[in-house]
Each structure stands twice: as C-alpha cells, then as structure tokens.
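Number of protein chains: 2
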Amino acid sequence: MASLETVQSNKSFGGVITKYKFESKALGGLNAQFNVFVPESDGSTKFPVLWYLAGLTCNEDTGPWKGGFLRDAADAGIALIFPDTSPRGAGVQGEDDDWQFGTGAGFYLNATADKWAKNYRMRAHIIEELPAVIQAATSIPLDFTRQSIFGHSMGGLGALTLYLKHRDLFVSCSAFAPISNPTNAPWGHTAFGGYLKGGVDEGKEYDPTELIKTVGGDAGVHILVDYGDADNFYKQKQLLPENLVAAAEKAGFPTSQVTVRAQPGYDHSYYFISTFAPEHIKFHAKFLKA
Amino acid sequence: MASLETVQSNKSFGGVITKYKFESKALGGLNAQFNVFVPESDGSTKFPVLWYLAGLTCNEDTGPWKGGFLRDAADAGIALIFPDTSPRGAGVQGEDDDWQFGTGAGFYLNATADKWAKNYRMRAHIIEELPAVIQAATSIPLDFTRQSIFGHSMGGLGALTLYLKHRDLFVSCSAFAPISNPTNAPWGHTAFGGYLKGGVDEGKEYDPTELIKTVGGDAGVHILVDYGDADNFYKQKQLLPENLVAAAEKAGFPTSQVTVRAQPGYDHSYYFISTFAPEHIKFHAKFLKA
Chain H
1 MASLETVQSN KSFGGVITKY KFESKALGGL NAQFNVFVPE SDGSTKFPVL WYLAGLTCNE
61 DTGPWKGGFL RDAADAGIAL IFPDTSPRGA GVQGEDDDWQ FGTGAGFYLN ATADKWAKNY
121 RMRAHIIEEL PAVIQAATSI PLDFTRQSIF GHSMGGLGAL TLYLKHRDLF VSCSAFAPIS
181 NPTNAPWGHT AFGGYLKGGV DEGKEYDPTE LIKTVGGDAG VHILVDYGDA DNFYKQKQLL
241 PENLVAAAEK AGFPTSQVTV RAQPGYDHSY YFISTFAPEH IKFHAKFLKA
Chain Y
1 MASLETVQSN KSFGGVITKY KFESKALGGL NAQFNVFVPE SDGSTKFPVL WYLAGLTCNE
61 DTGPWKGGFL RDAADAGIAL IFPDTSPRGA GVQGEDDDWQ FGTGAGFYLN ATADKWAKNY
121 RMRAHIIEEL PAVIQAATSI PLDFTRQSIF GHSMGGLGAL TLYLKHRDLF VSCSAFAPIS
181 NPTNAPWGHT AFGGYLKGGV DEGKEYDPTE LIKTVGGDAG VHILVDYGDA DNFYKQKQLL
241 PENLVAAAEK AGFPTSQVTV RAQPGYDHSY YFISTFAPEH IKFHAKFLKA
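Residue numbers (the UniProt record's numbering), protein chains in the order written: chain H, 1 to 290; chain Y, 1 to 290.
Please note that the accuracy of each hint is not assured.
All copies of an identical chain are treated as equivalent in the list; a pair is satisfied when it fits inside any one copy or across any two copies.
Straight line, CA to CA, 27 Å or less: simulated DSSO-like cross-link-like pairs of lysine-lysine [what the hints assert, rightly or not]:
hint, residue 1, residue 2
1, K19, K46
2, K46, K289
3, K11, K282
4, K25, K250
5, K235, K11
6, K235, K19
7, K289, K115
8, K250, K11
9, K46, K118
10, K25, K286
11, K197, K250
12, K19, K197
13, K286, K46
If you're looking for bench data, these hints aren't it; they were derived computationally from the structure. Since we're looking at a predicted model, the values are computed, not measured.
The following block holds chain H by itself, in its conformation from the complex (with noise of 0.2 Å):
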C-alpha cells in the first residue's frame, strides 16, 4: 500500500482539510494529490464521507477554494473529499492540447484505448485506490460504510455515473450542471472516442442517461441535480439535464427520487455552484446521517 505524503494542512471552520500525495498505482504509479478535509473532532468520531468532483481544467484544489462547502460539512459532521480531475504528468502525447481532453479532463472512467489505458483509470483511482490508501493511513478518521458524491458538470457525469454503477457505496448523489447524456453530446463524443477502445458504445458505461435505466425505478435512488438556464454550456446542448429526467421518468423513478432542477438566471460558475451548495450538503446529510 502506497503512503501518503502530507503536503500541506490548513485549519478551516474548525476541522482541518489536508492535502496529501501518494504514488497511485491506479494511475500507472504517477503521483496524485488529493484533499480530505476532517470537522473538528473529539478524537474518537469516525465521519460519514462526501466526495467532490470537480470538472474539466479544475484539480484537487477548486472545490474547497471556490465551493464554499466546508462550512456546511463542518456544521453536519460531514468529512470531504476532494480528488484531483485526472492523472498529472502522463507523458501520453496530445494529453496537454485540448482542456477538454487529456489532463484536467479525465472523465471519472478507466480508459481501454492503448494509448491511454495505463494511466487515465480515475474510475479505479476514487472507487477502489483512495478508500484503501486513506484507510490505511488509521489517523484520518473517516468511516466509509457512509459514502456520498457529488460533483461539477464533468465531476456531475461522475457522480452520477460512480453513483448508479456502485449503489452499494454510495447512499446519496448530487450535481450541479452536470454532463446528463454524453454519448449525445461533443464533450462525450471526445472523451469516450480517445479513451474507450469501443468509443461512444462503450461510453454508454459512463453515461448516467443510460445507466439510469438500468437501474430499477422500484430499486430507489436519491438524486439531486441543479443546472442554471443561464449555463451556456447547457444552451450548447453539452449538458442534456432533460434527457435524464426522461431516462429516469421512463424508468418509473418519480421525481421525489430524482429531482432535477433548473435555476433561472445562473450559468456554469463556482457563483452559482456555491449558491446552492448548502442545499446539496443538507441533502446529503440527510442520507448520511440517517
């Protein structure tokens, strides 16, 4: 088991969020960084977990600087943590030409193609490597039978896509503006042609329209997604928020379970994000503190 390294460590809100490094197999043995922030704590309270992923060009540090969301786990009890958005450092040619592909842009899958497959795997990286590394380090006090997720328009397809893949992990996902259907739209069509080696079919695996229907509307889910009607990338039809509430309507889930709402006059900015934040945490504590 690799060792973290810690590399910085701030008091925040009474708690303490702490950046740490370690040598991620996952990602081909690159070295990862990622913050955890712990509320202030007796010593013998173990926390329920809340992940955060943020979206294309953001890294391990955007959401707790821009979210505003450590106020309100600090007030919940609620630890958070914050993965980076990709693999660093890859070497893979072409991964630095486009922000939206390559680094910054790792899509929350374990990539197939050749080319990308040694190193772009966050699937693996947040779902089976970090619990396991944090774990192992006894001294961050985190209880992991009570996960949550949420995330940021790329982190949103991957909270949503973690969530309705590993039912078993998490009790609760939320996103704000996320990539709602990305075998139907441009940013997926990159994604899923340069790291699947089956392409956009084989993105049909990370994309919550079409997970969501393979989940049952009886199995129940809970589910909060916000979006602006002001987000130019969903006027770009980046994001497709509608055709998961068709997906899910169509799958019987009513809309208790997924709620999906527009928000007039925001757009894609840590402005509106951090608008809504203390509903998504409350929503969250919901499920993780029941």
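Dock chain Y against the given chain H, drawing on the hints supplied.
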C-alpha cells in the same frame, strides 16, 4: 467621467456579481478592473457598501472566489466592492520582479517617488475614483452614505489605514491578519522605501499603529481584527498585531472598540479567512444597517 464596461456578470446567492473595466485616471490612464456584488433587489433599494481589499499577489477576483463573503452579504442586504491590488501593466521598470512589490502589491497608498507616482495611486483609486465612477453609473444601486471596509494582510493594512484616515467615510473596519505596523516590518520597509519619496518615515501615513495614535480614544471607532497564531507571516513578524493593540490601549481605546483576536491554529490562507468571514460581515452589518 470614465464610463464602465461590463466584463462579466454572474448571478450568485440571488444577487449579481459584475466585473467592470474602465480607464482609470487615478492610475495614470491604465485600464482597471473591479467586481461589485449587489444583493437581490426589488429595483428600489440602495444597498450599503462593504469594501474588501485583498492581499499581496491577489486581484479583484480573489475575494469573491475564495472568501465566502457573498452568502452572508446577500443575507444581510449588503453590497460588496472588490478592487484590484495594484495598477496592471504600468510598465515601470522592475514592477514584476518581486511578488512583495509592484504588480499585485500596491499597498493602497499614493506613491510619491518619481518612478511610481504616475500609476501607483491605489488610495486615490479607491477613496475618490471608484465611488465617483460607480455613482455615475446610475444602474448600480449602492448607497455611499453607508460604507465599511475590510481586508486581508496587505488589504487589512489598506482597510485599517483608509478607515483611520477617512472616518467620515466609513462606519466600521475589520481585517484578517493585517500588516499592522509596516514601518517596523520588512514588507513595509520594501513598500515605503520604494513607493515613497520620504521612505519609511513618510510611511507612517500608511501605518495603522501610527495612525491610531492620532485618533483620540474618545472618538469612538469600530475595529475588529482576527489573525491566526499558526500564520507564518505572523511568526516572521510581518504582521505585528500586538503593536496595534498596545498603541490602541495607550491612546485610550477600550477593547470593545479595537478588538484583536488570536485564533489558535489558523494560518494566513483563505481557509482561515472564510472561517471568520461570517462574523466579520455580521460585525459590519450591525453598523451599516443601524
């Protein structure tokens, strides 16, 4: 009067944050940018104004992105103005050589040394120019008869000095980890030695510890300061809040008027600032909404 160009506008917490650009006479004709947050409005309300001055290396976006101020300002019905920290692109030789001086390090003063005097006039920019330019743009509903000011580090210095020099303009002042006695600190020596003809001696004009001596203890002030005792710049004696406390006490101010608090375990970062931001905004609201 220079007219304002809208660079960007984002809805946040029910209100709107707008970035403006204009040709700044105070800064020698350079383009200057600033952000204004206006809470949700019925169209007839004019909002009291809270200025936020950022620290070294920062700009007009640092506060709104990382401070977590908008949420509480929206709740309290207070507008926020975020100026830049220096002129940009003045082309003065050496202005980009050192993060502690020149670009991103205007120290909220009016330079008098020949080389800097044309462009480095952040005090005039904030005290005279921005209120005039904003009021001329009649679409921005601010009430400049009610103003307060706060800031971080170099911006805490700026907030304290502008408040103590212009008590007719501001009803309250607060600061996070302010440079409290720059004539006795390395940062102040660099800044005053460079920007001011009269050097460190002229710098007393921009030193909170010196200025508070000139304000009678019976005058009544409203000052709140927080710093972290794990702040490396505090440990390096760049901040010297104890000197401000001693001067205030000697001048006859009760601690209820000059409240300086050491926050155990906190450092110089926005993780610290955002933790105490809600209290600071509540502090200003008490006076702005009185």
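Here is what the structure says about each hint:
1. Taking the closest pair of Cα atoms, K19 and K46 come within 27 Å of each other only inside a single copy of the chain (19 Å); across copies the shortest separation is 43 Å, beyond that limit.
2. With identical chains, the CA atoms of K46 and K289 are at most 27 Å apart within one copy only, with a shortest distance of 12 Å there and 42 Å across copies.
3. Taking CA atoms no more than 27 Å apart as the test, K11 paired with K282 passes in both settings, with 22 Å inside one copy and 22 Å between copies.
4. Taking CA atoms no more than 27 Å apart as the test, K25 paired with K250 passes in neither setting, with 40 Å inside one copy and 61 Å between copies.
5. With identical chains, the CA atoms of K235 and K11 are at most 27 Å apart between copies only, with a shortest distance of 16 Å across copies and 40 Å within one.
6. In this assembly of identical chains, the alpha carbons of K235 and K19 lie at most 27 Å apart only when taken from different copies (23 Å versus 36 Å within one copy).
7. Taking CA atoms no more than 27 Å apart as the test, K289 paired with K115 passes in neither setting, with 43 Å inside one copy and 61 Å between copies.
8. Neither within a single protomer nor between protomers do K250 and K11 lie at most 27 Å apart by alpha-carbon distance, with minima of 47 Å and 33 Å respectively.
9. Within a single copy, K46 and K118 get their C-alpha atoms no closer than 34 Å, and across copies no closer than 58 Å, so neither meets the 27 Å cut-off.
10. Neither within a single protomer nor between protomers do K25 and K286 lie at most 27 Å apart by alpha-carbon distance, with minima of 34 Å and 54 Å respectively.
11. In this homomeric assembly, K197 and K250 never come within 27 Å of each other (Cα to Cα): the closest approach is 30 Å inside a single copy and 75 Å across copies.
12. Taking the closest pair of Cα atoms, K19 and K197 never come within 27 Å of each other, the shortest separation being 34 Å inside a single copy and 44 Å across copies.
13. When the C-alpha separation of K286 and K46 is checked against a cutoff of 27 Å, the pair qualifies only within one copy, where the shortest distance is 17 Å, while the shortest distance between copies is 38 Å.
The structure shown violates the earlier hints numbered 4, 7, 8, 9, 10, 11, 12.
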